[in-house]
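A.B. asks: In order, the protein sequences belong to chains A and B. Just remember that the working numbering sits 1 ahead of the position in the first sequence, which is counted from 1. Just remember that the working numbering sits 7 ahead of the position in the second sequence, which is counted from 1.
Hints are supplied without guarantee of correctness; some may be wrong.
[Claimed, not checked] Under the rule of at most 30 Å between Cα atoms (straight-line distance), these lysine-lysine pairs were calculated in the DSS-like manner:
#, chain 1, residue 1, chain 2, residue 2
1, A, Lys86, A, Lys24
2, A, Lys30, B, Lys103
3, B, Lys143, A, Lys86
4, A, Lys30, A, Lys3
5, A, Lys86, A, Lys10
[Said to hold, decoys possible] Here chain B is said to cover these stretches of chain A; the calculated rule only asks that three of the stretch's residues, wherever they fall, bring their Cβ under 8 Å from a Cβ of chain B:
#, segment
6, 19-30
7, 36-46
[Said to hold, decoys possible] Label-pair restraints from in silico Cβ distances:
#, chain 1, residue 1, chain 2, residue 2, range
8, B, Pro210, A, Pro18, 54 to 64 Å
9, B, Leu98, A, Asp6, 48 to 58 Å
10, B, Lys103, A, Glu89, 14 to 24 Å
11, A, Gly67, B, Arg20, 27 to 37 Å
12, B, Asp197, A, Lys10, 43 to 53 Å
13, B, Arg225, A, Glu19, 43 to 53 Å
14, A, Lys10, B, Arg220, 21 to 31 Å
15, A, Asn43, B, Pro181, 19 to 29 Å
These are calculated hints, taken from the structure and not from any lab test. Virtual Cβ for every residue (Gly too), placed ideally from N, Cα, C.
Each chain, written out:
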Amino acid sequence: MKLSDIEQKLHLQNITPEIGFEKLSKVTKGHSSDLMSDVLANAPGGSILVTNQIHVNVIAVALHAGLVAVIFSSGMTPEERVRQKAVEEGLPLFVSEDSTFDIVGELYKLGLRGH
Amino acid sequence: MTPPAIVKEAIRRGLGMIAICDHNSSGNACATQKAAEGMLTVIAGMEITTAEEVHVLGLFPSVEAASEVSDEIHAVLPDVEQRTTPLHDQLLMDEKGAVIGKETKALYGSTTFRLSETADLIRRHHGLVIASHVDKPGFSVLGQLGLFPEDVSFDALEISIGGVRSRKYERYIPPTEAMITSSDSHFLCDIGSSCSVLLVLEPTFNELAGALRGRRCRFA
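Take these sequences, add in the hints, and give me the full structure.
C.D. replies: Here's what the structure looks like:
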């Protein structure tokens, strides 16, 4: 599944439009956690993260873990300096009004798996 | 855990200084100080739960400073929910251990203060900022945030009793901050189960601050 397809099908708000991700390869894996230590330890490389943790560390952790994008759930929107850091690092960020549970359910229906 | 019982147990265990660090409140610090007068140094503190659900200890130079922080915290906490089976009552006591009231705010939840804001709040009231039980997976800076954030400085990092006993704390040794341990007692029998030794002239808040700054401390 391409990131642009995920964005469209889940009605995600792209909060880093400066980043072009058309050339990114397909996303087949996902991870969901609000504990960044868990993301560091367990998120598969190349996965998309769903979380409501909007602390700036999410960006550094996502990069360390080799994630392709982050979806913030329940309308949680990180502040501008977090968004800027993501743009600098080329990490696409999205916001959804849906709960983590529903977002993960939709991603699973699209074929993404946890490992 | 009444103020006189806490004081008595701390003295029995040979402690020279304790800090009362209730969750998100300092309501019982003054009563414990009064109960300890002339016998034991009691620091007014608080364990604050940040918006990211990180636990941070604030240790304050006075009950008044702690109380002001407590008021700011209470302003952002929801009221205690009326449940059919109540959680532990959040009791307020006097120095004799008599119940004088109940906390009306839900102290068990998280505040809306982010970690950096929490550290600022503590420092604005001249308190010491300590990252709680950094070795634990839950409610710790490393557990919640994965890495130490660049924009927050701590006066010390705390290692839990489990971390000290298992000796699995080497990876947490910070380059500049002091490292301490404490019992994090929620029950009388835990008092003194883990503590730190400070090299100080006298058991006072200022000496404590100096010992942390100069890293003149070690696990007991």
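A.B. asks: Run every hint past the structure and note whether it holds.
C.D. replies: Hints, verified against the model:
no.: 1; hint: A:Lys86 / A:Lys24; result: 21 Å, holds
no.: 2; hint: A:Lys30 / B:Lys103; result: 59 Å, violated
no.: 3; hint: B:Lys143 / A:Lys86; result: 28 Å, holds
no.: 4; hint: A:Lys30 / A:Lys3; result: 11 Å, holds
no.: 5; hint: A:Lys86 / A:Lys10; result: 26 Å, holds
no.: 6; hint: 19-30; result: violated (count 0)
no.: 7; hint: 36-46; result: holds (count 5)
no.: 8; hint: B:Pro210 / A:Pro18: 54 to 64 Å; result: 58 Å, holds
no.: 9; hint: B:Leu98 / A:Asp6: 48 to 58 Å; result: 56 Å, holds
no.: 10; hint: B:Lys103 / A:Glu89: 14 to 24 Å; result: 59 Å, violated
no.: 11; hint: A:Gly67 / B:Arg20: 27 to 37 Å; result: 48 Å, violated
no.: 12; hint: B:Asp197 / A:Lys10: 43 to 53 Å; result: 52 Å, holds
no.: 13; hint: B:Arg225 / A:Glu19: 43 to 53 Å; result: 50 Å, holds
no.: 14; hint: A:Lys10 / B:Arg220: 21 to 31 Å; result: 55 Å, violated
no.: 15; hint: A:Asn43 / B:Pro181: 19 to 29 Å; result: 25 Å, holds
When held up to the earlier numbered hints, the structure conflicts with 2, 6, 10, 11 and 14 and fits the remainder.
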